[in-house]
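Just so you know, the protein sequences line up as chains S and H, in that order. Sequence positions in the first sequence follow numbering that gives the first Met the number 0 and run 0 to 360. Sequence positions in the second sequence follow numbering that gives the first Met the number 0 and run 0 to 360.
Just so you know, nobody snuck in bad clues.
Looking from chain S toward chain H, a few residues come up when the C-beta cut is under 10 Å (computed): (1) Pro7; (2) Ala24; (3) Arg29; (4) Asp283; (5) Glu291; (6) Arg295; (7) Glu322; (8) Trp324; (9) Thr329; (10) Ile333; (11) Leu335; (12) Asn339; (13) Val355; (14) Thr358.
Derived Cβ-Cβ restraints for the label pairs, each shown as a range: (15) H:Ser90 x S:Ala2: 47 to 53 Å; (16) S:Ser332 x H:Gly341: 36 to 42 Å; (17) H:Lys157 x S:Asn79: 51 to 57 Å.
Treat the hints as calculated values from the structure; they're not laboratory data. Backbone N, C-alpha and C fix where the C-beta goes; we use that ideal spot for every residue, glycine too.
Number of protein chains: 2
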Amino acid sequence: MPAFPLPPGSTIGILGGGQLGRMLALAAARLGFDTAIYDAKPRTPAGRVSALEVTGAWDDRAALERFAAACDVVTLEFENVPVGAVEILTSLGAEVAPGARALAVAQDRVEEKTFLNGHGCPTVEFEPVDDLDGLRRALDRLGAPALLKTRREGYDGKGQVWVRDAAEADAGWTAVGRRPAILEARAVFVRELSVIAARGRDGAVVSYPLGENRHEAGVLRVTRAPAIVSDHTRTAAEAIARKVLEGLDYVGVVGVELFELEGGRLLVNEIAPRVHNTGHWTQDGCLCHQFEQAVRAVAGWPLGPATAVAEVEMTNLLGPEVERWRELATDPSIRLHLYNKGDARPGRKMAHANRVLRTLP
Amino acid sequence: MPAFPLPPGSTIGILGGGQLGRMLALAAARLGFDTAIYDAKPRTPAGRVSALEVTGAWDDRAALERFAAACDVVTLEFENVPVGAVEILTSLGAEVAPGARALAVAQDRVEEKTFLNGHGCPTVEFEPVDDLDGLRRALDRLGAPALLKTRREGYDGKGQVWVRDAAEADAGWTAVGRRPAILEARAVFVRELSVIAARGRDGAVVSYPLGENRHEAGVLRVTRAPAIVSDHTRTAAEAIARKVLEGLDYVGVVGVELFELEGGRLLVNEIAPRVHNTGHWTQDGCLCHQFEQAVRAVAGWPLGPATAVAEVEMTNLLGPEVERWRELATDPSIRLHLYNKGDARPGRKMAHANRVLRTLP
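Between the sequences and the hints, there should be enough to build the whole structure, so can you do that?
Okay, here's the thing in structure tokens:
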């Protein structure tokens, strides 16, 4: 176990080399840290701004050993890191945060909702589905339409399908690959909110102001924050974030997606054990943004201030939309964040633009 | 000549791997660029956050060739890059900004003041000094006390000495190493200001609000910005910055140090052909800080907004003062910038802390 707080000059390891890892690495660099990236591919967006890049599969013990030896602490940018990889790192003496328990819960939608309900965080009703008969029984209980998702993997709307009535059960079951699944009752929500929160090694918890999110085809398009919400809603969201963080004995940043129902009640849609796309607004809206906060948490530093200093609208640039950088670069209210990913294939998250709407006193 | 504006994914080369190069590299990364660092030493602060680090002396043609081949455009973080190195890079087809002319002017104090006066930018009176007799003649004309500096090199108060009367001429001449020098009349100033400005490839010029600076023993300690100045002073400073940038047909960010005299008249103390320590406040006080601005300028992007969104006090942490990170990390109004330099020897610039005093509407 390293001595916390880690001094500048220490190395923060990051599992996964995508844009979240890149922005974590840039935040770590500002605090004087080195970073090391572990990814299956070489020359990742995060690796290109890091002192060390280790390339290996999640079960490549030799590569994981090289990585662990270089790191003073390890975190992750990707929630589908196999728990086995984290266990190998831990067995090698690496301190991984968030740890195997948070990952296991976040990786399985049944485990996740069971954990949430068990800790007083309401979700939609759901049923585990292991076969077609199970799906039919679940449809009976939850009613249709209902959302069928694979239990594991899938993100940005992938691996899920609406089952509009019992007659669609077979097609739905095929659509998700006839794999262990979850059927979720339809949530009739007014809007989608999210709360980004962090917990330090000392147990301190901070929550950022809520973001209001708009998804299209399962992919986040826009977050506007701080969202205009009642005190009650804000308090309820912060209480949910705290229960999640404390229930998992979590260290780091978590993203909690919420549905706001008519009347203001909140349901948790899902939790992501990492910095989160709906928290990108904090880069230009808060003194200490989510990436710095994550670095502070895993390095055992005191958490930074999560208060907003500006109202921000964050827009994702997907696929060829990244070409809009030319026009957006001329707009004085926009701060661009480009990920240096090569291939701008349709739908791929390539960049985001934070529009600073106004500074807050 | 590359096609400007350079698209994300291009490589920005940086001559020099210190903290200014590091912060340039981080800014370039946010805009989706790769960076390559050229330095005499390996594993520099900037190299550790860059995709490529080329190690070589300033006259190592093979290393310069490797570097030039990797870069779409080249800039610098260090004004004493030998002009010969820039000429080699240019002869290899590299586009270097700011270029050899700006460097030549900034590297020689006599050339610098001659350029400034020739372009309507007032300085203290001065005389070139080539030998002891010349120093005596210069003291006769300018009076004592006067400041004797080497013509070339020297920074942070190094390579300069006050000559308090004619009897000290010999000692002064020895103190600067009996090298080509400049004698500068004493400026009786009220305070030290600076203006950071940028010029794009399209000739557009922007100036940041002025900073008010406090030096100790020749080293910058604190910048507070935006400085409270009259409209006349601000206009005069912006006019000086514009004359410098246009006079040198400059592309990039320049730092201009000013003396404010009783009554508000400004004299130029010196110009630095690069991002500048007195502009670090912009990182947390402006939407587009000086490092992003420099990247935009050399990449041929439109310049960003130089307006302030917060009032900031920047404090340098020198040598062992870097240990103050522990205490400063607990202060919610502070943003820390640590450089990841190993050896905290006394006086070395290790980090700075930006205190956000208030946001501006």
